[in-house]
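From just these sequences and the hints, can you work out the full model?
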Amino acid sequence: MSCSKPQEVDEIFGTDPDTRIADTLTYVKNTLVDAPNGWKAYLTTEYSGGYGFYMQFAANDRLKMVADLTDQTASELKESTYRIREIMAATLSFDTYSYLTMLQDPSPDVYDGEAGKGMGSDVEFDYVKTSGDTLFFEGRKFYKPLMLVKATEAQQQTYISGKYLDQIEKNKAFLKENPLTSIVVDKMEAEITFNFPTKIVSIITADADGNFSSLSASFCNTVDGLEIIDGIEINKVKIIRFGWKDENTLAGFDTAGNEYPIKINTSSIVPYLVALGTRFSIITVPDVTTYNGWSTDFVARRTAAKAGIGRWSFGTGNFILHTIDFKFQVVNNRMSVVFNNTYGANNTNFVLTYNYTYTEENGKFKFSLSGTPGGNDGLIYDDVRFILQERINTDTFELGYFVNSETGEIMSQFKSIEHPDFYFTGLNN
Amino acid sequence: MNTMLKIWIGIGLTCCLSYSCSKEDKLNYTLQNYDTFESGAIDDWIAKNLTDPYNIEVVYRYQRNMHDVNKNIAPADESKVVPQMEIVKNAFLEVYSKIGGETFIKTYTPKQFALFGSGDYDPDGSVKGGTADGGRRITLYGLNGLDITNPNAVLGNLQVVHHEFTHIINQNRIIPAEFEKVCVGDYYSNWNAQENTQQVARELGFITPYARKNVGEDFAETLSHLIVRGQLFYDDYAYRSGEEAYPKFKEKEAIVRDYMTQYFNIDVTQLQMEFQRVLEGQYNSDALTFGSAVNSNYIDALNWDIRSDWSLSKDISQKQQALLNPILDGLGNYVTKSIQFQFVSSTEATLYIEFGDDNNTWGASYDFTIAQQDDGTFKMALSETQGEDDSYSYANFSYIISDTQALIDYLESTSFTLDWDASITEVAPQDYLKYGVFKDVSDPNAKLLGPVILRTY
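Residue numbers (this note's numbering), protein chains in the order written: chain A, 1 to 429; chain B, 1001 to 1457.
Note that these hints are calculated values from the structure, not bench results. We put the CB at the ideal spot given by N, CA and C, even for glycine. Among these hints, one or two may not hold up.
Estimated spans, in silico, between C-beta atoms of each pair [said to hold, decoys possible]:
#1 1152(B) with 75(A): 28 to 36 Å
#2 288(A) with 1064(B): 37 to 45 Å
#3 307(A) with 1406(B): 52 to 60 Å
Output of the computed footprint for chain B on chain A, the stretches with three or more beta carbons under 8 Å from beta carbons of chain B [said to hold, decoys possible]:
#4 80 to 86
#5 108 to 120
See below:
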């Protein structure tokens, strides 16, 4: 049909783009399918930490996986589909519902993600590169890495036989029982805290001058231990995983395979008074009726204060007390007690704030109210007397670490010296 | 292997035809998109049930370009795909196929369905259930929450499907000009604005706030609600929207019905009946039963005057005759003019009898409570406090109560199932939703039957 003879194309890369992209698509698909024992997979998320998977890809676009999201996802193989698509690059698309897409699901009732955003994860991952036994992908929307590492036959057996859950339980149990652990890298001690609900590991180190610094990274469970997905650098050494040496010994490993045994400690390497104001400056009393480390008297007084605040409203629904924050400004010895409330059909926030100055001696704190509370704080002041006027304003408090015996989390505890039956705990933020 | 090359071929042809004789040198080159997938059991089901008979493509494997790219929307769970598309097939395609004919539905059905697992979350926290693009594609969200044992979940997406389909037929036969005239001046493109509440919209004569967007949406909302929510819902909604709005609703309904008959030879009542048949037969829905209509307080009253013409063609039970004849043959020296069982709310009803002579008419009223039991049957009891007007005192005159007592006792002592007189599989179109019956649970021959009276202005 055309009037002129088409010009031939000069191919700089030797083959045409069609052939080259087709090559990549074929390479990615064949590599995934041909791995005899399937793949261990790790990814990180925007609004949470890391997650671990085991995946088996079949040539017919079908995929089986387990994941360390819940007990069920860790023990039951879920089958779904995938495909390698040509989008901007070769893209691995988890194109029907699977454990992996639970992280992306925008409905909060699926995996407790943010409404409309989920955990900030992807369905589609662009192929980036291959390095040894590892394929690297990147999420198309949130740009988070997805790494696939070839599994061994032994690992495959553990994953598909439901024993992945046992390993996760073992990791959790060990770290709950031993909440204060550290490793020493070339004489530098690093305290390690694994937070299983958020899947984030934090590390605190002290230098020779006694200055502390902290770092965090995403981790996930594997059948061999815990994988630090992007690695975490301690004293210029990159620790990439923690593995079980034997039934009761966990050790850290760096990129070169060097081993750093875990030390089990009874106290934090960071003294409480150093941590307060540097590692955390807010102690948050959670929105529950009873809690690990609360005395009966505190439970009763908190309930009374909640009822007191609950008498008030702006005419559109009474105030409901949720959390109470103790906010410290260590540099100028100030502390504020903040009652966080909501009201009305839309749960509008309403906050009561009471400001204090304090003195501290040998870990014992004495708080003095700054001025007279005004406005709404003044109006409702009498209703929080159970906690403030009758205790915080008058007593001397000993503050220290408290290990939650249910979660293994390291929290703070207030203990009244004058009223030994009044003590409570809060989360360090 | 399925390949998606058609679009590329289309573009290629266009460019060749338009530019084939230009003087510029062409590159001897084509690019292909290797978007391929392996088909499985679900694809086979789709091919057999939807693609082959209706030329419908179902995109259930995640494709970002099928949703708003700024949103995060989860892919569909494979196990929900066939159940969802079966609902579409049963309660949409086959309903129209049966009533409008195979050619009709094959010609006009949307040709592509895209399915997603989660809802489509908007920044304001609202969640969309479905959308449609220019009559070609229907996108259904929230598949992973589908529970086919829950009839309400089944209904969820169907309104979207029927709504979008209306747009397609509107593109082939335009909406009659008189439709727009009913609510002219009240359409509001910014329908999502806060001031366009349901209350505001309904008082203007719109079935939903969305219907105000433009005449096309209004038409689609009207027809889809008539089918999916049913006639009684529509009539009740119209009535409760107020005296000014009511005639607008009824006029729109009349135009929609006329449009469907004139252009497509489809009787909307037949569509409603077929839809109900599918819901009840295949999904155990009780959404459109007489009992549900009573529970929703859609019905004004049952006419129990078995002397009227309607009773000639009906089988009136011995029981009903025995209970009603003593009342209908006169109360004392007066003539009985009418008897109705009037529904006041979903839990209250009044037995109301009119009597009198040539010059006077009085009433006798008995208030009842009406309650559905756990087993689905209904029980009635005389209310402890009766109304206060004269009809309640007349009700206790001895020459009246002597005739009504037997009926009152029977109503109080009997468990009833509430049904339509003829089941949905047997009812004639002219009798559809017209006759309600109280069936005595303990006696299959005993029932109280009467024409349904709806509220109007």
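Hints and how they fare:
Between residue 1152(B) and residue 75(A) the CB atoms are about 33 Å apart, so this pair conforms to the stated range of 28 to 36 Å. Taken as a hint, the range 37 to 45 Å holds for the pair residue 288(A) and residue 1064(B), whose Cβ atoms sit roughly 41 Å apart. Restraint check, residue 307(A) to residue 1406(B): a C-beta distance of roughly 58 Å satisfies the suggested window 52 to 60 Å. Coverage of the stretch 80 to 86 of chain A by chain B holds. Counting CB-CB distances below 8 Å, 5 residues qualify, and the rule asks for three or more.
Evaluation of the coverage hint for the stretch 108 to 120 of chain A: fulfilled, as 5 residues show C-beta separations to chain B shorter than 8 Å, against a requirement of three.
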